[in-house]
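Chemist: My request is simple: use the sequences and hints to build the entire structure.
Chains as they are written, first to last, in my numbering: chain A, 7 to 210; chain B, 7 to 210.
There is no bait here: all hints are sound.
Any copy, or any two copies together, can satisfy a pair, since identical chains are not distinguished.
Taking lysine to aspartate or glutamate and the DMTMM-like style, the derived pairs with C-alpha atoms no more than 20 Å apart in a straight line are:
no., residue 1, residue 2
1, Lys186, Glu124
2, Lys17, Asp111
3, Lys17, Asp104
4, Lys28, Asp171
5, Lys17, Asp112
Honestly, the hints are just simulated from the structure, not real lab data.
Chain residues, written in single-letter form:
2 protein chains.
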Amino acid sequence: MLELAILGLLKEQPLHGYELRKRLRDYLGLFASVSFGSLYPALARLEASGAVSAVEIQRSTAGFPMTGSLSGERTAFRRSRADVNRRSRSRRVYSITDEGQRLFDDLLSSGTESCDDERSFALRWTFARHLRPQARIGLLERRRAQLLQHLAHVCSAASSNESLDSYSRSLMERATESTKQDISWLDRMIRAERTASSGGASCD
Amino acid sequence: MLELAILGLLKEQPLHGYELRKRLRDYLGLFASVSFGSLYPALARLEASGAVSAVEIQRSTAGFPMTGSLSGERTAFRRSRADVNRRSRSRRVYSITDEGQRLFDDLLSSGTESCDDERSFALRWTFARHLRPQARIGLLERRRAQLLQHLAHVCSAASSNESLDSYSRSLMERATESTKQDISWLDRMIRAERTASSGGASCD
DNA sequence: CGTTCGATATATCGGCTCGATATAGTCTGG
DNA sequence: CCAGACTATATCGAGCCGATATATCGAACG
Numbered sequence: 007m008l009e010l011a012i013l014g015l016l017k018e019q020p021l022h023g024y025e026l027r028k029r030l031r032d033y034l035g036l037f038a039s040v041s042f043g044s045l046y047p048a049l050a051r052l053e054a055s056g057a058v059s060a061v062e063i064q065r066s067t068a069g070f071p072m073t074g075s076l077s078g079e080r081t082a083f084r085r086s087r088a089d090v091n092r093r094s095r096s097r098r099v100y101s102i103t104d105e106g107q108r109l110f111d112d113l114l115s116s117g118t119e120s121c122d123d124e125r126s127f128a129l130r131w132t133f134a135r136h137l138r139p140q141a142r143i144g145l146l147e148r149r150r151a152q153l154l155q156h157l158a159h160v161c162s163a164a165s166s167n168e169s170l171d172s173y174s175r176s177l178m179e180r181a182t183e184s185t186k187q188d189i190s191w192l193d194r195m196i197r198a199e200r201t202a203s204s205g206g207a208s209c210d
Numbered sequence: 007m008l009e010l011a012i013l014g015l016l017k018e019q020p021l022h023g024y025e026l027r028k029r030l031r032d033y034l035g036l037f038a039s040v041s042f043g044s045l046y047p048a049l050a051r052l053e054a055s056g057a058v059s060a061v062e063i064q065r066s067t068a069g070f071p072m073t074g075s076l077s078g079e080r081t082a083f084r085r086s087r088a089d090v091n092r093r094s095r096s097r098r099v100y101s102i103t104d105e106g107q108r109l110f111d112d113l114l115s116s117g118t119e120s121c122d123d124e125r126s127f128a129l130r131w132t133f134a135r136h137l138r139p140q141a142r143i144g145l146l147e148r149r150r151a152q153l154l155q156h157l158a159h160v161c162s163a164a165s166s167n168e169s170l171d172s173y174s175r176s177l178m179e180r181a182t183e184s185t186k187q188d189i190s191w192l193d194r195m196i197r198a199e200r201t202a203s204s205g206g207a208s209c210d
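Modeler: Below you can see the structure in the form of structure tokens.
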């Protein structure tokens, strides 16, 4: 799943590891902060599989480093942001490749079988703009079915045993309420997607 | 954290791995199902550290197996439940030791520094009856402070950058709403705990 | 002027968890 | 009598996390 998040951020612009982590924490950081012990191995895997390419940027006080290696990718490396000009030390700037674009599409739409937990869904929904309208609705409906199933399971477990104390019960009630509201949210999203796709252009 | 859940269930009665997993899924299963690849190593760790003791129950069609080893613990092993008499194959029944009781108390109250994520809090709250009233309130307030901090962080990240598309924004709004409701729930719980502890014995 | 501190930046290690898989006994039903 | 489902324990690889190590830079401080 981390690969999907990395590729999604690199689709917008090339980034180095440290900045990538900050964006994972801030933009997609609704759920958790990613540690370096996950990030750098994931980047190494992606590089080994050819999904991303890395350019080593040597530290240099001049405006354009260009110490000379791999001329193609760093055209997109523009120091438009304020934190880029305060570069320090050598950095490895990663860019997504064509193969990485394909991998991103695969990972994003592969939730057909097991878009299991909440974080996985949240991550996919963050990149929902890269999905076809039909796939967006499918993602929402799969998530909805999972929450309904989860709700039924919790209710059956709660009714089969009344030995829960007040602490467990209050926790369970809060969780159930939150899940129901998630389902309502999904319903609203599904309705909005349906009207948008019917009102807009025919499916693609 | 898995150790804490195991010890909490074994505090009530001795259990073998398979049944333990079912209860982790049903009773504490509000969040996730625990895999055997986590459970059995965790049991082995607990046994190696002396927090639990295991009794090998050989399969036998008689009512009482009692194949003879460690006479003390299995007094609590009563086949009062329907699924116990349909025992099959040899099982390793785990019981909590005195050292395990101490470890449970340590783990349960060690959230002073880092009761980080939601699942950790939910697990501790499930066993809140084993905490002193003061410690219960502390747990709730730590969780509340974390959620407030999380909320502030998300809001600042959202305001600093407006480039989020409608999908990310709707997701973030739902997450924010849910977090606010969690905080309200915590406030209710804190109020209830305060009245309960003030109505009961004077604080100390 | 040095030096200490915090931010930037990459990398690795051990330990824990998961999903998949292997093994094997028991019970039920066709 | 055998197929399939359930019970039960165990292991493996891979991924993720927290902690830690290393190194450079700018700012703060005396």
